[in-house]
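These protein sequence lines map, in sequence, to chains E and V.
Per our numbering, numbering of the first sequence is gapless, rising by one per residue and ending at 394.
Per our numbering, numbering of the second sequence is gapless, rising by one per residue and ending at 394.
Incorrect hints may appear among the rest.
Since copy identity is lost for identical chains, a pair holds within one copy or between any two.
Claimed, not checked - Result set (EDC-like, lysine to aspartate or glutamate): computed pairs, CA atoms no more than 20 angstroms apart in a straight line: (1) LYS147 with GLU315; (2) LYS369 with GLU315; (3) LYS108 with ASP7; (4) LYS147 with GLU348; (5) LYS28 with GLU205; (6) LYS294 with GLU18; (7) LYS307 with GLU18; (8) LYS69 with GLU348; (9) LYS307 with GLU365; (10) LYS269 with GLU167; (11) LYS28 with GLU18; (12) LYS28 with GLU95.
These aren't lab readings, by the way, just hints derived from the structure by calculation.
2 protein chains.
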Amino acid sequence: MDRLEQTLPLTREGVQAAHVLIKQHVHLTPVLTNTTLSNLASAPQTVEALLGTEWEGRTPARPKIRFWFKCENLQRIGAFKVRGAFHALEQLRQDPATFERLKTSGVVTHSSGNHAQALALAARTFGIPAHIVMPTISTPSKIAATQGYGANVIFSGSTSQEREVVVNDVIARTGAMLIPPYDHPAIILGQGTLCLELQEQVKEMSGHSLNAVIAPCGGGGMLSGVALSCIGTGIRVFGAEPSFQGCDDARRGLLAGERITTVKSLTIADGLRTPLGVHTWNVISDPAKVTAMFAVTEDQIKAAMRLVLERMKVVVEPSAVVGLAAALFNENFRTLIEREGGESGWDLGVVFSGGNTTVEAIGKLFSGQERDVGKVGAQGERVAENVAG
Amino acid sequence: MDRLEQTLPLTREGVQAAHVLIKQHVHLTPVLTNTTLSNLASAPQTVEALLGTEWEGRTPARPKIRFWFKCENLQRIGAFKVRGAFHALEQLRQDPATFERLKTSGVVTHSSGNHAQALALAARTFGIPAHIVMPTISTPSKIAATQGYGANVIFSGSTSQEREVVVNDVIARTGAMLIPPYDHPAIILGQGTLCLELQEQVKEMSGHSLNAVIAPCGGGGMLSGVALSCIGTGIRVFGAEPSFQGCDDARRGLLAGERITTVKSLTIADGLRTPLGVHTWNVISDPAKVTAMFAVTEDQIKAAMRLVLERMKVVVEPSAVVGLAAALFNENFRTLIEREGGESGWDLGVVFSGGNTTVEAIGKLFSGQERDVGKVGAQGERVAENVAG
Chain E
6 MDRLEQTLPL TREGVQAAHV LIKQHVHLTP VLTNTTLSNL ASAPQTVEAL LGTEWEGRTP
66 ARPKIRFWFK CENLQRIGAF KVRGAFHALE QLRQDPATFE RLKTSGVVTH SSGNHAQALA
126 LAARTFGIPA HIVMPTISTP SKIAATQGYG ANVIFSGSTS QEREVVVNDV IARTGAMLIP
186 PYDHPAIILG QGTLCLELQE QVKEMSGHSL NAVIAPCGGG GMLSGVALSC IGTGIRVFGA
246 EPSFQGCDDA RRGLLAGERI TTVKSLTIAD GLRTPLGVHT WNVISDPAKV TAMFAVTEDQ
306 IKAAMRLVLE RMKVVVEPSA VVGLAAALFN ENFRTLIERE GGESGWDLGV VFSGGNTTVE
366 AIGKLFSGQE RDVGKVGAQG ERVAENVAG
Chain V
6 MDRLEQTLPL TREGVQAAHV LIKQHVHLTP VLTNTTLSNL ASAPQTVEAL LGTEWEGRTP
66 ARPKIRFWFK CENLQRIGAF KVRGAFHALE QLRQDPATFE RLKTSGVVTH SSGNHAQALA
126 LAARTFGIPA HIVMPTISTP SKIAATQGYG ANVIFSGSTS QEREVVVNDV IARTGAMLIP
186 PYDHPAIILG QGTLCLELQE QVKEMSGHSL NAVIAPCGGG GMLSGVALSC IGTGIRVFGA
246 EPSFQGCDDA RRGLLAGERI TTVKSLTIAD GLRTPLGVHT WNVISDPAKV TAMFAVTEDQ
306 IKAAMRLVLE RMKVVVEPSA VVGLAAALFN ENFRTLIERE GGESGWDLGV VFSGGNTTVE
366 AIGKLFSGQE RDVGKVGAQG ERVAENVAG
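Build out the structure end to end from the sequences listed, making use of the hints.
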């Protein structure tokens, strides 16, 4: 992928070119609106007030915050990650000799999350073997799903060092090419395509443009791509992170003026337990591209997830609603919207990044048992470090 | 409502007329397709095989069973029940003197379920007071939601006798008009409108007509309406019920040649714990209108619900997936489809009736705790009899 790292332009045009390449492989996911949630967001809120029912009777004239939800939970493999994976392989395909070699040597990545399934699906589509390094502590359903797409799953420990050893071993043994989960221009440009679609869909549905968009941020591949897709459009871009156990590394890095390179958090938003990479830091730390980062608590993430499941009737994973949680609960973000939106308010794009959860996980999350996992982490064992992606 | 009982025609034209009246009050809910589920249904299945992952790799040419899901879980108040409630009030509105009187005396019904919220919303829309009789054992969230729509909630015991006493007391005290949950022509015709939409939507999306439609059956109001909407179209109509504790009263009644008038079942499909009424029995027992009824187990309902949540990423309540469960698991229905569908297979409309559940209820359902409720029922206490609707 090194050649691509040098040549792919991190621009809106780069995202547009990526979209042309991957369109045939991905769903044009729907954009949903929801009057109840827009009304809720447009009144001052606390978690307690939101989950009460007093709001049922209210019917504000026109909500000040009008949500446009980009539903990548309805994407293939249940998450936006297929966009980056297909784009990386489509880019490699531009060089027929390399691509032919991949059909023997394969591709490799490390991921316990949606990138694993995304790369497995993309590789299978092109007849390329995929080696996926997953921590032994990964949930059996994710391992099975990745194997279900025909990938060769190889187990490792859960620290980044342990994973790297196994990945390097695979590369030495097979000659496979590493497709990283987020910190690569091809991945960033691929993920950004979701926001090109969102921009067009909102224009079609409402006749006007978005004022802003907010997206979850883990390794920052998707948020970076979203930011690139908005260059020159006048759309403001915001990122959202969980604050739990310092998972808001991007926000803290911006405050410190320096990228934070390690995250050890067991936030329920398990797709976001990752620090920014070099490329994604360069995009996200540029105030012309990303206006601000906001952090939300675990309870706020759960409250947002409950609202989406119970009111919108759509299944999302915890990581997917971190942007919505910021729009509902983060006082700094809400003050900013009120100030900038003025009388007419804002049309706010909100990225739902994925929907890969299980009925058991939903049950655990809302029965309070999830905290037990946190306890295990606090004892220094089974701490998942950078394993998501 | 007695006047309406005499005059409303139980025909496809009656459903069409109802649609004209209620269109402005209800959502045109989306029709979704899902390749994964259609592929799953098109291979011989057991619950165990379905929940495995072996199928991931399969890509059959053209599935024999092609599902078209009518998503009434995305309807206002989260269920199809608003259709009947708005239709009943719109019919009463045709007589201005009666309607004016209702604005003082109000309407009344008994329901612990979606009909309660539906009537509360419809009544509020017209400025009519709504009195809703609910069993004291109703879940607090349903009581709060009904009150949230401005209804006056009155508590009763959970047997039909206890409820009737309270309803009659409300009528004596206020002069309110009874709007029954299902066994009335106005309600039946209103519910049937969902299937008119489904027929048109499938034609638009695919260019051809449905072969058949399957819908859940509790009191039978919706299934009856669906059946009326299909008269003369060539579309076969099927109903599905839970078999648990004899909840398949319609199917058993057809076998016995006589309507079964009592159901005491604590099936997880709590919207279907109701026997057929007189009007709905007349429609459903007519083989020219409903071809057959099928029953499914609790485990089959749970398996179908899991698939819809985890694969389609859409939230449904247990009652909503009883039709899908029959299409996936009921051997008689599957044999019939194979025989009738032949080489080209079937386009099968499946009604998702509602999505009113909570994250806690989902958690309970899939942690096995739900069975405890059944035990309480078996001891003869808290048996919910006909309280749904």
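Taking the earlier hints as the rules, which of them does this structure contradict? 4, 7
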